[in-house]
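Undergrad: Below are the chains, spelled out letter by letter.
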Amino acid sequence: MPTDRSDEFVVFDSVQKSYDGEILVVKDLNLSMPKGEFLTMLGPSGSGKTTCLMMLAGFETATHGDIRLDGKPINNIPPHKRGIGMVFQNYALFPHMTIGENLGFPLEVRGMGKSEREAKITRALGMVQMEDFVNRRPAQLSGGQQQRVALARALVFEPELVLMDEPLGALDKQLREHMQFEITRLAHDLGITTVYVTHDQTEALTMSDRVAVFNDGRIQQLAPPEDLYERPENSFVAQFIGENNKLDGVVETINGEHCTVRLDDGTLVDAQPVNVSQAGERTRVSIRPERVESNPERLHPDAHLIDAEVLEFIYMGDTFRTRLRVAGNQDFVMKYRNAQDQPRYQKGDKIRIGWRPEDCRALDA
Amino acid sequence: MMSTQATDHDERSMDARGGEPLKRSLARALRRQKIRALLLIAPLLAFIVLGFLMPIGSMLFRSVENPQITDILPRTVVALADWDADSNELPSEAVYTALVSDLRIAIEERTAMTMARRMNYEMAGFTTMVRRASRPLRRLDDDATGPFRELMIEAHDDWGDVATWRALKAYSSPYTVGYYLSAVDYTMVSGEIEPLPDNRSIHLMLFWRTAWMSGLICFLTLLLGYPVAFLLANVKERYANLLLIMVLLPFWTSLLVRTSAWKVLLQEQGVINQLLVWIGLVADDNRLAMINNKFGVIVAMTHILLPFMILPLYSVMKTVPPSYVRAAKSLGANDWTAFWRVYFPQSVPGIGAGAILVFIMAVGYYITPELVGGPSGMFISNRIAHQWNVSGNWGLVGALGTILLVAVLVLYWVYDKIVGIDNVKLG
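Note that the protein sequences, when read in sequence, are chains P and G. Going by our numbering, the first sequence wraps up at 416, each residue one higher than the last. Going by our numbering, the second sequence wraps up at 475, each residue one higher than the last.
The shape of chain P in the complex, shown without the other chains:
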């Protein structure tokens, strides 16, 4: 059967996983990755993302379903024969070996000669600017340096697929941001297919070609970062990715690309129906805080206007963050850039706010 394998380099085909025979940690996972893609599995802890990674690496076996790598089922191939590079959360650099020996290890077990080994070690360390540390021990390196070495070790034997299990979790913010950039650069330069696991949504959005949002053992949405943020397909994704205002209500009318929602306090709002299909359905309307406007000059002509009361005005430097009471919801947040022409509010101010109907998405309740 001639299939285009370049689009199906890694495939999860209705994969299930249970540890105790009672609870499914992964429920019916279907995923297919083309070669060279950087895919992130994002989700809260216990959502099944790490289990998926471990099944791909071979440290866990799928209870049901197939995992295929480059067209071949790998369920019965032991981890050491899969040829998948892996970066671990705590780096897992072997403490009794020098950096050079750590990198030489995968080459040595493949029976590679000494001179060839050394050339590859130097090249791999060069990729992460760590050539000078070849004779140090892991304990003599900082967290960021260990991270680079772990990356180099996962790449040194030139695997086509690299898995990363929350590799930046232990680093401080600045270093983390720098490493995010370096990892994506390396992955793209070398054309490696990468599966990256994290619970940090910023990391997921900035690094990935596509993000798979996991919750409750299922992929909730699999989409490029922009789609994920702009067009979440359900409330979980909307809540999990970025900040989000939610207003609960019932669909009153629905007409193709538009619907009206009667909120619980009686206010009527226009929204874009995403996963509501008929009038009378309960829904949760979601609006991003930065899409809410209060400055009349900036409001779009089609904008839907609604009354709000300022509960809190927070100065955050580059932005202002205003907490409002909107349609009975006290946690409604409006966020805008700090600029000369932007208004500043006091607690208790009564204002009118608005947003474009397409920024207001009616999702599942």
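In short, the hints are calculated from the structure, not lab data. A few of these clues could be false.
Chain P side only, calculated, beta carbon under 10 Å to chain G, not exhaustive [stated by the list, open to error]: (1) Pro129; (2) Pro130; (3) Ile135; (4) Val138; (5) Arg161; (6) Asp216.
Think of the CB as a built atom: it goes at the ideal place given N, C-alpha and C, for glycine as much as any other residue.
Chain G: place on chain P using the hints.
TA: Below, chain G alone, put in the same frame as chain P:
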């Protein structure tokens, strides 16, 4: 005057609130803490000083102390100083006169036999010589004059033997290396240091046997304990707890009971022999000798010391993150390579701790070799106990004990050089 002012100024600049120098108020604030800390450790400190350091000091002292000859035969020792031990001639009449007057006082004060026993450790038969001589000496008048040489030789022939006098002269100093010499199977009874005849040499052989058997026991506990510790560290917690209890169970059973249990199992009419005879593997009249020999000691001690190997191994293995082995496998290592190249090196500190613990405990083991060892399974500690209880030769006990102590310290030092004591983890 200037300097005082400067000091005053300095102190004032460091004043605490009440106008008191900061250092002094800090010291006062800490004093209570220090006193309390000292009080807390005081009982144990006193106990260690009295029960541990003092006995060791006394042991060291007893191993070189040799007052019996100089105290009891002072005139003889002085008189013997002029005698040439290499001359092959008996000492002069003056020496015999001194001996007779020393012995008469010693017999009066009932110290003669103390001296005789001391010499008897080095030269068998000395007590008999003194006992024989004491009878004519007691009958002697207070103002009796010589010649005494004939009198002594008549009492016992050996008083006319040059060897006797050489021995007396050799061991007449108040401090001696004599005990250490006999602890390593040497003697200076003839005035020269020379090895003891083979039929009296036992200590070096016992030291060597103690060392190699302890090493073997240590190796066997490692061989048996490593897989158990590995299992303990890698199974689910509830199974690990159950297993741990099974490992610790022997700890809660008396050492004597466990050793006796091995006696029941291993003796000629014991469980194992009966079973083998019943199966027909062993003839009834040719039962295996598994007790009162080295085999019994090795089996029983390996069993008894096993927890001391397992526990440090376990505590170290528990700290090895499973991600190391996973990383090794993801890098292409098969199970064995991942274990040998990555896991095993991480567990070496545990092996080090277990090995040193088991070896040092084994070297000093007494009760098990005593109960199941027999003559061929005897350890140096059994010999020390024998010298203490039966011969009462405390000097030799001290010397043997000191050698054992020094040997363990040297081993510890060598071990530190090779393994590095910082690499040893007990948990």
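Undergrad: Output the numbers, in ascending order, of every earlier hint that fails for this structure.
TA: none
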